[in-house]
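Number of protein chains: 2
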Amino acid sequence: MDYDRYDHIRAVQWRGDHLHLLDQRRLPQEECWLDCRQAADVVQAIRELAVRGAPAIGIAAAWGVVLAGRSGTDMDTALADLRAARPTAVNLMWALDRMRARHAAGADAAALAAEAQAIQDEDLAANRHMGELGAALIASGSGVLTHCNTGSLATAGFGTALGVIRAGVAQGRIAQVYAGETRPWQQGARLTMYELVRDGIAARLIADSAAAHLMKTGAVQWVIVGADRIAANGDTANKIGTYQLAIAAKYHGVKFMVVAPSSTVDMATASGDAIAIEMRDPEELFSIAGKRVVVAGAQAWNPVFDVTPAALIDAIVTERGVIERPTAQAMQAAFRA
Amino acid sequence: MDYDRYDHIRAVQWRGDHLHLLDQRRLPQEECWLDCRQAADVVQAIRELAVRGAPAIGIAAAWGVVLAGRSGTDMDTALADLRAARPTAVNLMWALDRMRARHAAGADAAALAAEAQAIQDEDLAANRHMGELGAALIASGSGVLTHCNTGSLATAGFGTALGVIRAGVAQGRIAQVYAGETRPWQQGARLTMYELVRDGIAARLIADSAAAHLMKTGAVQWVIVGADRIAANGDTANKIGTYQLAIAAKYHGVKFMVVAPSSTVDMATASGDAIAIEMRDPEELFSIAGKRVVVAGAQAWNPVFDVTPAALIDAIVTERGVIERPTAQAMQAAFRA
Chain A
1 MDYDRYDHIR AVQWRGDHLH LLDQRRLPQE ECWLDCRQAA DVVQAIRELA
51 VRGAPAIGIA AAWGVVLAGR SGTDMDTALA DLRAARPTAV NLMWALDRMR
101 ARHAAGADAA ALAAEAQAIQ DEDLAANRHM GELGAALIAS GSGVLTHCNT
151 GSLATAGFGT ALGVIRAGVA QGRIAQVYAG ETRPWQQGAR LTMYELVRDG
201 IAARLIADSA AAHLMKTGAV QWVIVGADRI AANGDTANKI GTYQLAIAAK
251 YHGVKFMVVA PSSTVDMATA SGDAIAIEMR DPEELFSIAG KRVVVAGAQA
301 WNPVFDVTPA ALIDAIVTER GVIERPTAQA MQAAFRA
Chain B
1001 MDYDRYDHIR AVQWRGDHLH LLDQRRLPQE ECWLDCRQAA DVVQAIRELA
1051 VRGAPAIGIA AAWGVVLAGR SGTDMDTALA DLRAARPTAV NLMWALDRMR
1101 ARHAAGADAA ALAAEAQAIQ DEDLAANRHM GELGAALIAS GSGVLTHCNT
1151 GSLATAGFGT ALGVIRAGVA QGRIAQVYAG ETRPWQQGAR LTMYELVRDG
1201 IAARLIADSA AAHLMKTGAV QWVIVGADRI AANGDTANKI GTYQLAIAAK
1251 YHGVKFMVVA PSSTVDMATA SGDAIAIEMR DPEELFSIAG KRVVVAGAQA
1301 WNPVFDVTPA ALIDAIVTER GVIERPTAQA MQAAFRA
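First to last, the sequence lines map onto chains A and B. The numbering used here applies: residue 1 is where the first sequence begins, and numbers increase by one. The numbering used here applies: residue 1001 is where the second sequence begins, and numbers increase by one.
FYI, nobody ran anything at the bench for these hints, they're computed from the structure. No experiment lies behind these values; they were computed from the predicted model shown. Some hints here could point you the wrong way.
[To be verified] What the simulated footprint calls covered on chain B by chain A, stretch by stretch (three residues with Cβ under 8 Å from a Cβ of chain A suffice, anywhere in the stretch; the number is not a length): (1) 1206-1219; (2) 1222-1228; (3) 1236-1243; (4) 1283-1292.
Ideal Cβ placement from N, Cα and C applies to all residues, glycine included.
Let the hints inform the model, and build the full structure from the sequences given.
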């Protein structure tokens, strides 16, 4: 299958002696690249959201460790700084643990670079594999709806949920893609639409609140989303708005798919109830594109994530396989340590 | 009850020889007023959304008829132009039919002005009455969520759904108000927050897609919305996103209230299936605050309204009374001609 045709974007690129990062804050208006030559540059890029998406953050951090090794930066400090750059990202911890283990085993700069490259290559391969696994669930001629950005920009390439969509398009299963804006950061409007238009995939942007009406028209058969953390019972934390989509999907008989690498699964978290929801600055709702749109003196409630209970999920797709109608038992069988 | 304390805004004001309109396009950044001296000025204000909200549009149009009468404009032309300014607004047709009947009965300029004033006064009185009817359904200490703007700006004053909220706050029943942004026009962010902050009502803005997560926290007991059209079986067309809120409310056991003047009820429309949903320019999703945020070449799907089925509605409140768990039979009993 010719997946390359729908997979042109590489946002995290190692260039032999530095890390070349597509600055996602400036997309789609400008394609600007950052060159990180120190681990501290990578910390800053993660912290300021120049690089975003759980797998992409992990990969960038792994290269940050390589930069620390090359420049002789104290490795404990570098690891701690990278870990603190985005404290809730499970993939970040996973990638850093892997690099730390290689360093502890005495890896030199070349061996650290090989490990970072392996993390990156494995992520791309996992995404291609998840794409095939997820696409196999989708009937020919389907419409799908996605949320936030889970594509090449958020990963080593191809994407997780958006990888399933790329594979489904390549296989002729998906006839139309809809993308929610994903307020307040507009990752769907800014980033997913950028990817889909660049890769020539027919896509329509919708307001997040138009999703239920879209489902009612019969235009979508699957909602396909990524995950920030998947608990041991299948409950899934993801971008705010995911839960609302899952409820609307259940109401309309639309299927709901979560796509994420197995490093997103956190078997130490029993259920979604144990996942703390990060709250962010109300200012994100008060100003749009740098312009204040809400009256002075207003307050806001601005959670970043929500939790979709496993009962609303039809399939969890990881590179290890598909879990349909996830339960704690099925998750335990698939992901026990 | 001291409702005046929470009701300071009057966006449509007759000033003896002209109509003084608060330009809602420029809120909350600027409080600019338009002076309409010809019916054509009112047509333009309605068409360009300087005045919005079904009841406010109807009232402004009634004053447009008065201006036509005063200036000797051909009345058939004026009525047709006003009617065409916002073709889907039921209240607009209703107000113009009322003015047309007075004109046809030989009303002079003063009598036409008296009729327009009556329409405006009756709307305010109806809103105060609906406020009391709706608030009586709300238990003390409740949190409520509203959508779009249904307040003083959208009516002669006090508002419909926001009138229930004002009454509920005044009566001490409502402890916290949440308002959805209401993409893409941001009426909730721009207008509802403006009203609530100006009237000293504790309110928090949320992203539209955060509503289900908010409900899960137990913070809201009622969703309270307005209506653009209510069909004969209780199905309700309202701002895009309303349907999604109703589904999420049902899922969480949160109650759902529709508040609108009886002029919004269209007994000639059997059900929501017969209501055509207006689609608007994709450009509304591509640019925010005048700045392009979506990649060139993107497409969008941008419906303005959706239909909430009566089965998801716990109460329809009009000035004629409350219909709980609306059915075609109950609607027929309340609104038969």
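Identify every previously stated hint that the structure contradicts and give their numbers, smallest first.
-> 2
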